[in-house]
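Asks: Residue numbers (our numbering), protein chains in the order written: chain A, 1 to 422; chain B, 1001 to 1250.
No lab work stands behind these hints, which were simulated from the structure alone.
For every residue, glycine included, the Cβ atom is placed at its ideal position computed from N, Cα and C.
Please note that the accuracy of each hint is not assured.
As the list claims (entries may be wrong) - Simulated pairs of lysine-lysine, DSS-like, Cα-Cα distance not exceeding 25 Å:
id	chain 1	residue 1	chain 2	residue 2
1	B	Lys-1146	B	Lys-1052
2	A	Lys-59	B	Lys-1031
3	B	Lys-1052	A	Lys-59
4	B	Lys-1052	A	Lys-308
5	A	Lys-148	B	Lys-1194
6	A	Lys-180	A	Lys-228
What the hints assert, rightly or not - Among the chain B residues that face chain A by a calculated CB cut under 8 Å, a handful are:
id	residue
7	Ala-1076
8	Gly-1078
9	Ala-1187
As the list claims (entries may be wrong) - Some, not all, of what chain B presents toward chain A, calculated at C-beta under 8 Å:
id	residue
10	Arg-1072
11	Gln-1094
12	Leu-1096
13	Asn-1182
14	Tyr-1186
15	Pro-1190
16	Ile-1192
17	Met-1193
18	Lys-1196
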Amino acid sequence: MSVPRFASLVSRSRAAAAPALRNAARSFSTTNAVRSAGSIPSLHTFTEEEVMLREAVAKFATEVVGPKVREMDENEMMDRSVIDGLFQQGLMGIETPAELNGSGTSFTAAILTVEELAKVDPSVSVMCDVQNTLVNTVFTKYANAEQKEKYLPKLATDTIGCFCLSEAGSGSDAFALQTKADKQGDYYILSGTKMWITNSYEAGIFLVFANVDPSKGYKGITCFIVEKDMGVEIAKKEKKLGIRASSTCALSFDDIKVPASNVLGQIGQGYKYAIEILNEGRIGIAAQMLGLAQGAFDLAVPYTFDRKQFGQAIGDFQGMQHQYAQIAVEIEAARLLTYNAARLKEQGKSFVKEAAMAKLYASQVAERAASKAVEWMGGVAFTRDLLVEKFYRDCKIGAIYEGTSNIQLQTIAKILKTQYAK
Amino acid sequence: MAHRILVPVKRVIDYAVKIRVAGGKIDTNVKHSMNPFDEIAIEEAVRLKEAKKAAEVVTVTVGSTKSQETLRTALAMGADRALHVEIPESAEVQPLEVAKILKAIVAKESPSIVLLGKQAIDDDAGQTGQMLAGLLDWPQATFASKVELNDSVLTVTREVDGGLETVKTTLPAILTADLRLNQPRYATLPNIMKAKKKPIEKLSPADLGVDVTPRIKVLEVSEPPKRSAGKTVGSVDELIDKLKNEAGVI
């Protein structure tokens, strides 16, 4: 009979509860609880300058970038006026302090910038994202004072940077990189090749990860600040499926001389810097994918209320309603994951799992949203007369760069294991 | 000459928003931004400052707490400091009351020029600048599409029905900005951050001795009739018949 069994369950749980109550003081010591629910705002809460920045970037994106999007995609080239505009608006040194000619704003401000740009052009968005969340952050976190003073102002005002880690033989297995750096007096001689490097065609500053001592395995990987005129060669500019205006090149370093003073951080710690930075950069890519999804959605849904078939707007058919409602839910979920990861990082809390979740999910949502957007707009969306087909091509990279979706899943799983395995 | 330019700005429903009327009232739970003509006015004032023709640009708004964001935008575009004449969110001010407040602000700030947008895009009144000129007994050059300031003399090109008219006026004077005066700049991120440190002074209409009770009452707000499809007619007689008997316009 269920009743006696239930009674025994209750008495057993009461016995179990007693020691817990005695330990209540200890069990509440590690929470980050606040005093009352009234003071906890939703994730859609921003500071005044974050709101102003979002509006300014949205306006800039629509008016300056917007008219050039198709042309840049067809030509597979970023327009100089767009690059200059990003610098002039202060969007290439968002977190860099004002003393170093930056804008001195928050990480979330950078995330919002990347999101707003991606709503109009994911290519422009990734250029801004790599500059801010990868290149600038490496300098801010690990460079010495002279290096910061020398390079951060350039990166904030007129020089594009790029992050050179991947090679033909090492993508997800980044530590298997082969580029070598041999110490010779006051210089290191760098030799090797890098592949899939975003921004590299326009860049003047290259953060190159090379191994100073392959016998130490990944513990020889060191980060070098390399300037273009030290001899960096563009071996090949890739022709891509999507984000075509963003330059992606193979680079070669043919025994180039890099001053020893350009070692960034500590020798042999480059692998650590790369992993840590990519954990943060992930949130940037999540923001890019989020903006892409929203941009595609914002293009397609109004169309469904204009387009009439069988005597009514196609957006009013229940089949359509269910589809765009579902996508709206997923975009909102991706948005909350992204903003939450950004705020956790800003507050110095642990965010690696949340960042991986945000990037994983946002890139998946972007693909679904862009795909549906093309279907909702029908035949005309399949032509290059509209930009919605571009969102569909652009979204695919989200599951690949800055950590493939499989890598994100592994990162999340490893953290879950530490939480769940005894 | 150390000219001070006063630029009043207004927070209005964003120009891109589709206005909806619900229950006889306009749905105001939508995106708001600075009146576009006021953006043009701020831009012109900041340009005069950058050309060293003016020393200071002061911006002012009459509005609820939410209007503070409009002042921050003006500061981010280059205004030096701001005044916020705060009114309750439920209250509304009309052009004459705003002009009276501005007259009191002028007495406080002694600007050489008051540069306003020619009209607000919500009421389209186009009256405040002119009323202020009347209250102050100052010369006015409205619908300006070009402004030149040399040795305390303003030369202004105005867009009027017949074309362009150029007027000269001494200072102090009222100017209202028309669409083609300039292209307002984007607020860059460094300027947005600098704007945080610029002061916003708070005042109330009572502080300025102005009664802002509206004198004009809005009786009804309704959407314009929906556009319907046209009809093709076969002959002039049919056209006249339809215009007379169906459309009732002749």
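Asks: Are the hints correct? Go through all of them and say.
Replies: Hints, one by one, checked against the model:
{"no.": "1", "hint": "B:Lys-1146 x B:Lys-1052", "in the structure": "holds (17 Å)"}
{"no.": "2", "hint": "A:Lys-59 x B:Lys-1031", "in the structure": "holds (14 Å)"}
{"no.": "3", "hint": "B:Lys-1052 x A:Lys-59", "in the structure": "violated (29 Å)"}
{"no.": "4", "hint": "B:Lys-1052 x A:Lys-308", "in the structure": "violated (57 Å)"}
{"no.": "5", "hint": "A:Lys-148 x B:Lys-1194", "in the structure": "holds (22 Å)"}
{"no.": "6", "hint": "A:Lys-180 x A:Lys-228", "in the structure": "holds (18 Å)"}
{"no.": "7", "hint": "Ala-1076", "in the structure": "holds (6 Å)"}
{"no.": "8", "hint": "Gly-1078", "in the structure": "violated (14 Å)"}
{"no.": "9", "hint": "Ala-1187", "in the structure": "holds (5 Å)"}
{"no.": "10", "hint": "Arg-1072", "in the structure": "holds (6 Å)"}
{"no.": "11", "hint": "Gln-1094", "in the structure": "violated (28 Å)"}
{"no.": "12", "hint": "Leu-1096", "in the structure": "violated (32 Å)"}
{"no.": "13", "hint": "Asn-1182", "in the structure": "violated (15 Å)"}
{"no.": "14", "hint": "Tyr-1186", "in the structure": "holds (5 Å)"}
{"no.": "15", "hint": "Pro-1190", "in the structure": "holds (4 Å)"}
{"no.": "16", "hint": "Ile-1192", "in the structure": "holds (5 Å)"}
{"no.": "17", "hint": "Met-1193", "in the structure": "holds (6 Å)"}
{"no.": "18", "hint": "Lys-1196", "in the structure": "holds (6 Å)"}
The structure shown violates the earlier hints numbered 3, 4, 8, 11, 12 and 13.
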